[in-house]
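As given, the protein sequences belong to chains C and Z, one line each in that order. Here the first sequence is numbered in my numbering, starting from 17 and rising by one per residue. Here the second sequence is numbered in my numbering, starting from 3 and rising by one per residue.
For the record, the hints were derived by calculation from the structure and aren't laboratory data. Incorrect hints may appear among the rest.
To be verified - Restraint ranges, calculated between C-beta atoms of paired labels, are given here: (1) Z:D56 <-> C:G113: 15 to 23 Å; (2) Z:L58 <-> C:L100: 43 to 51 Å; (3) C:I28 <-> Z:Q73: 41 to 49 Å; (4) C:Q96 <-> Z:P42: 30 to 38 Å; (5) C:D90 <-> Z:S72: 21 to 29 Å; (6) C:D90 <-> Z:S28: 46 to 54 Å; (7) Z:A31 <-> C:Q66: 28 to 36 Å.
Since the model is a prediction, treat every value here as computed from it, not as a measurement. We put the beta carbon where it would ideally sit given N, CA and C, even for glycine.
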Amino acid sequence: EAGVAQSPRYKIIEKRQSVAFWCNPISGHATLYWYQQILGQGPKLLIQFQNNGVVDDSQLPKDRFSAERLKGVDSTLKIQPAKLEDSAVYLCASSLGLGQGQYFGPGTRLTVT
Amino acid sequence: AQSVTQPDIHITVSEGASLELRCNYSYGATPYLFWYVQSPGQGLQLLLKYFSGDTLVQGIKGFEAEFKRSQSSFNLRKPSVHWSDAAEYFCAVNDMRFGAGTRLTVKP
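My request is simple: use the sequences and hints to build the entire structure.
And the structure:
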């Protein structure tokens with residue numbers, strides 16, 4: 017069974033530029049999550065999708081971050097414009113449902129200079 | 003509000019010694035509780051989960067955790083640590099709130 021795929025694995029951009037991350041969850045997993053993990057901290061939930069609907073985006077900085085999950089499968093997370101404090105690893109995870117545990121992708125390491 | 007506290011930022015144990023990592027949570031009802039491990043350069047991997055039933059749950063790699071409602075705790079244990087267990091360990095509640103993590107160092 018293929019795991020959660022993410023791309024790119026690494027990205028370096030200058031502040032005020034835009035960037036997009038892509039995630040392909042495990043087949044059949046209805047729930048998809050995006051997390052931000054700053055060095056030395058635990059993952060912080062940005063947004064949770066159930067199929068293609070948003071369940072929780074309370075911690076998503078909506079003035080600069082956006083996410084979509086078209087057709088309830090792949091998802092894209094975008095930052096526009098990026099700030100220095102957005103430097104972090106962006107993790108995508110998928111799950112069969114609440115309480116089932118999450119399967120994480122390898123993450124995208126973003127560096128904003 | 004949901005929150006997770008992992009009181010120990012860093013723990014060092016000798017190989018072969020026992021291990022206990024602490025996790026305390028705050029939630030109004032019975033939560034779903036999880037432990038994940040993040041090895042250097044690796045993604046997060048689910049070790050075990052709890053929602054109901056037996057309060058002692060077994061996970062992968064020889065880990066177990068015990069849910070104690072009275073203490074709002076879900077501590078992770080392993081009887082004998084191996085060098086390959088060196089990693090960052092995260093406790094999570096309800097799939098979405100993670101603790102800050104405990105870094106485990108294993109001495110030879």
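Comparing the hints with the structure gives:
1. Z:D56 <-> C:G113: 15 to 23 Å: Given range 15 to 23 Å: holds, Cβ gap about 21 Å.
2. Z:L58 <-> C:L100: 43 to 51 Å: holds, 45 Å
3. C:I28 <-> Z:Q73: 41 to 49 Å: holds, 45 Å
4. C:Q96 <-> Z:P42: 30 to 38 Å: For Z:P42 against C:Q96, whose Cβ atoms are near 31 Å apart, the range 30 to 38 Å holds.
5. C:D90 <-> Z:S72: 21 to 29 Å: violated, 44 Å
6. C:D90 <-> Z:S28: 46 to 54 Å: violated, 34 Å
7. Z:A31 <-> C:Q66: 28 to 36 Å: violated, 20 Å
Hints 5, 6, 7, counting from the list given before, are not met by this structure.
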